[in-house]
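Peer 1: Those letters in the sequence shown? Residues 1 to 132, per the working numbering, in order.
Treat each hint with caution, since some may be false.
Stated by the list, open to error - Distance ranges between label pairs, derived from CB positions:
{"hint": "1", "residue 1": "M98", "residue 2": "F8", "range": "18 to 24 Å"}
{"hint": "2", "residue 1": "I117", "residue 2": "G44", "range": "20 to 26 Å"}
{"hint": "3", "residue 1": "T99", "residue 2": "Q61", "range": "31 to 37 Å"}
{"hint": "4", "residue 1": "Q65", "residue 2": "H103", "range": "23 to 29 Å"}
{"hint": "5", "residue 1": "P125", "residue 2": "K20", "range": "27 to 33 Å"}
{"hint": "6", "residue 1": "P45", "residue 2": "T74", "range": "16 to 22 Å"}
{"hint": "7", "residue 1": "R17", "residue 2": "Q61", "range": "17 to 23 Å"}
{"hint": "8", "residue 1": "V104", "residue 2": "P36", "range": "37 to 43 Å"}
{"hint": "9", "residue 1": "A42", "residue 2": "S81", "range": "24 to 30 Å"}
{"hint": "10", "residue 1": "P125", "residue 2": "F38", "range": "34 to 40 Å"}
To be verified - DSS-like, lysine-lysine: derived pairs with alpha carbons at most 30 Å apart:
{"hint": "11", "residue 1": "K106", "residue 2": "K88"}
{"hint": "12", "residue 1": "K20", "residue 2": "K106"}
{"hint": "13", "residue 1": "K58", "residue 2": "K20"}
{"hint": "14", "residue 1": "K20", "residue 2": "K88"}
{"hint": "15", "residue 1": "K58", "residue 2": "K88"}
Read the hints as simulated data drawn from the structure, not as lab findings. Glycine is no exception: its CB is placed at the ideal position from the N, C-alpha and C atoms.
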Amino acid sequence: MANSVVHFEIFAADVERARKFYEQVFGWSFEVGGPPDFYFIATGPDTDRGLTHGLMAKRRQPMGQGELNSFRVTIRVSSISDSMAAIKAAGGTIRGSMTDIPHVGKVAEFTDTEGNIACVMEYAPGNPLASG
1 MANSVVHFEI
11 FAADVERARK
21 FYEQVFGWSF
31 EVGGPPDFYF
41 IATGPDTDRG
51 LTHGLMAKRR
61 QPMGQGELNS
71 FRVTIRVSSI
81 SDSMAAIKAA
91 GGTIRGSMTD
101 IPHVGKVAEF
111 TDTEGNIACV
121 MEYAPGNPLA
131 SG
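Produce the entire structure from the sequences given, and follow the hints as far as they go.
Peer 2: Right, here's the structure in full:
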């Protein structure tokens with residue numbers, strides 16, 4: 001049995017602001033998921049080879065300070081430069097510069113509107129995870 005990641009959560013102080021960020025930058029869709037400030041997230045079609053479902057929830061306590069202290073997710077994109085521009089336009093920040101990983105692709109780390117750290121990855125042509 002594979003030990004695949006099957007679910008992720010994004011915690012936010014302002015859930016609506018975070019939802020708008022991910023809709024604007026990545027085109028994700030959100031559906032009310034029960035209690036106030038909960039949304040189910042669809043990141044792509046079920047036929048996508050990537051992780052396609054998640055949850056957004058209100059952060060219950062202040063975000064930890066200092067170094068990265070949680071899992072970091074990487075989001076596949078078709079154009080890293082377009083995605084970096086969209087992140088900035090939606091109120092996020094780019095952390096450092098884009099890195100080229102030979103035979104894999106280009107990756108950049110960013111912070112969303114809620115202080116969460118994630119990455120965008122444009123896979124190299126021919127990589128099985130490259131956008132179609």
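Peer 1: Provide an ascending list of the numbers of those earlier hints which the structure does not satisfy.
Peer 2: 4
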